[in-house]
Amino acid sequence: MAGLKTMAGAVVTAPLGWLARLLDPPLRLWQRVAGQNGMAAFFLAPTMAIFSIFVLLPLVLNIAYSMTSGPALFLTERSFVGGAQYARLLSCENHFDFSTCVEDQFWTALRNTALFTVLQVAALIVAATVTALILDRDLRARSFWRAAFFFPVLLSPVVVGLIWRWILDRDGVLNAGLDAVGLTPVNWLLERDWAFLSVIGVTIWAHLGFFALILLAGLQAIPRDLYEAAEMDGTPRARVFWRITLPLLMPNMLVVIVLALIRAVQVFDEAFVLTGGGPGTATLFLTQYIYEVGFASLLKNPGLAAAASILMGGVLIVLTLVQLGLARRNERRSKLK
Amino acid sequence: MTFLLKRRGGKGWHWTDIVTFLWLGAGLMVMFGPAVWLVLSSFKSPAGLAEFPPTLLPYQAQTAVVEGHDNPLPLFVVTDAAGSRTLAEVRRVGTVAQMVDPANPAEIVRVNIADREPVRSIGFAWENYLGPFERFDFLRFTMNSVFVTVTATLITLLSSSMAAFALSKYEFRGRSAVVVLILATLMIPLSVILVPLYSIVSAVGLMNTLWGVILPTVATPTGVFLLRQYMLTIPDELLEAARMDHASEWQIYWRIVLPLSAPALAVLAIFSVVWRWNDFLWPLIVLSRPEVYTLQVGLNAYAGELNVQWNYLLAMTVITMIPVVLVFVFLQRFITAGIAGTGLK
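Protein chains in written order, with our numbering: chain A, 19 to 355; chain B, 1424 to 1768.
Be a bit skeptical, because a hint or two may be false.
Said to hold, decoys possible - Facing chain A, a subset of chain B residues (Cβ under 7 Å, in silico):
(1) P1477
(2) F1588
(3) P1612
(4) V1615
(5) T1743
(6) V1747
Said to hold, decoys possible - Covered stretches of chain B (chain A as the covering partner; in silico rule of three or more C-beta atoms under 8 Å from a C-beta of chain A):
(7) 1449-1459
(8) 1618-1631
(9) 1666-1679
(10) 1695-1701
(11) 1716-1725
What the hints assert, rightly or not - Covered, in the sense of this in silico footprint (three residues per stretch, anywhere, with C-beta under 8 Å from a C-beta of chain B), are these stretches of chain A:
(12) 36-43
(13) 68-75
(14) 164-178
(15) 220-231
These aren't lab readings, by the way, just hints derived from the structure by calculation.
None of the values given here were measured: they were computed from a predicted structure.
Glycine is no exception: its CB is placed at the ideal position from the N, C-alpha and C atoms.
In isolation and in its complexed conformation, chain A is listed as follows (with noise of 0.2 Å):
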């Protein structure tokens, strides 16, 4: 078996190692040229030629679309308009009756992710700490149930939408043990609050073991010595709960939470597969939206998509800032310890 690794390790390898001889003379000249840092900014060359062109540049293009308007695709086609395109997302005659805004789809799906985040991230976040706290037990097997739980959060969005399409049909194996067990069998994804509720159910189930596991390690990073002197004690186990464990594992679940409201306001992926936005407009979520507008609907609006991803953008960046904010923090108390 050792014999076999190392072989088919060689067969890899060995053409890869032949080109980087062969890139060894021209590069050797460079160096001399260019001295140590020339150097440096060669390997950095690959990286940030790509980040620039598919990253940097379209942070800035995005900008210049979403304040142009028309159906063509090159900046140079397009007419100016400056805010107009903001202005028709956000104008509304009453801003408590969508039907009454200009995109009253935006506002929907606006709503709809809103409340998406505050349900998902919260059910997630205490299941995910459940989940966490019961595997940090002195359990047998830690790293089998570990994995068990890690298992969804590998399949790709489109093959777990679909595998809860096929348990949610209505004919499906859900609402046959409903049937079974003499419950009323529920039309999961055409009826609009159960559709909903089956988007939070299955994106959480999707990423429960992602979020436990970055628990787990905060739980697991809390020194035995604490919860061995609380035993000596005798502290009650709830008391040992509220007083040791949850204190210490909040900078962790800061962090957790934020990242998790993060994916939550990007939802797209398992939603689509699932429910495609419907029934009508009852799970259409932001990214969905921007997607339809710019992308998948007759008439194409690529200012219009532009501008409501910037407003996602804002929000995103203003999340992730904190994010960032708390890990350092995080870090830095880790140090002082």
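Take the given structure of chain A and dock chain B to it, following the hints.
Same frame as chain A, but now just chain B:
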């Protein structure tokens, strides 16, 4: 009995122990159950899938070749006034079926369909797995996905490790600016820059190509950071010694730093494979022609058709799941260690 109920450490039972067992038991069912149900369902024939309530295992109707009929006929157990016997169905008109006894094919018996049960046995509908390859471009979707995954992962490993090397082993002006810049890109998810990214990719002529899928995804800031953190632990003396021996910087990177970073590279490779295999939104936008579809996009397109043949769709879903399940079975501990350590993904 008391031995079974006793906890490790000899302490008594606590309500949290019960919660633990319930949670873990339910978790096992909820986490693996849906995938197991998918696999079981994928082996059912269309008739089996249409059944409600569904059977757990895939069944197939048994058939018999009867003299005078070209095709095998489905078998039924008929129970009526004449007793119980096994007959084969010739044709069905309304609620009455015309049936024959396989042993006596000349005589047609009329049976009310309420009086009969199909004869079934466990049988796997393997044709569900062959159909997608014969009828659709499923093989091409698979090859496209493999190409995207392998190419993107190789480029990610190479470019990220080069950048991480420069950012961890060289002192140069603007280094911290570069680090901040890369950190900033962490903040910008793809869903925020879809429109301009689309125009750039079409401006360089990569629309409807696999390279259009690959290039925007290969530069993962997380990868650069993961590798940089690892390379910072490689002692600089090692590099200095190599420079004394007239090694070029490229050789130092290739022969020293890269092999020493193998554990971190392995983690990044596993992550990259899972990410790229599972990518959906960006390929969905770039690829609009079936011949360049990746598995995820093809699967979604097929699921969106008006007459979805679920037997094929479920089998395709299982095939799409296989690489990730393999990663889970063999490499899961690297991933969990990676996430717990760095908060990656």
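Among all the numbered hints in the text so far, which are the ones the structure does not match?
Failing hints: none at all.
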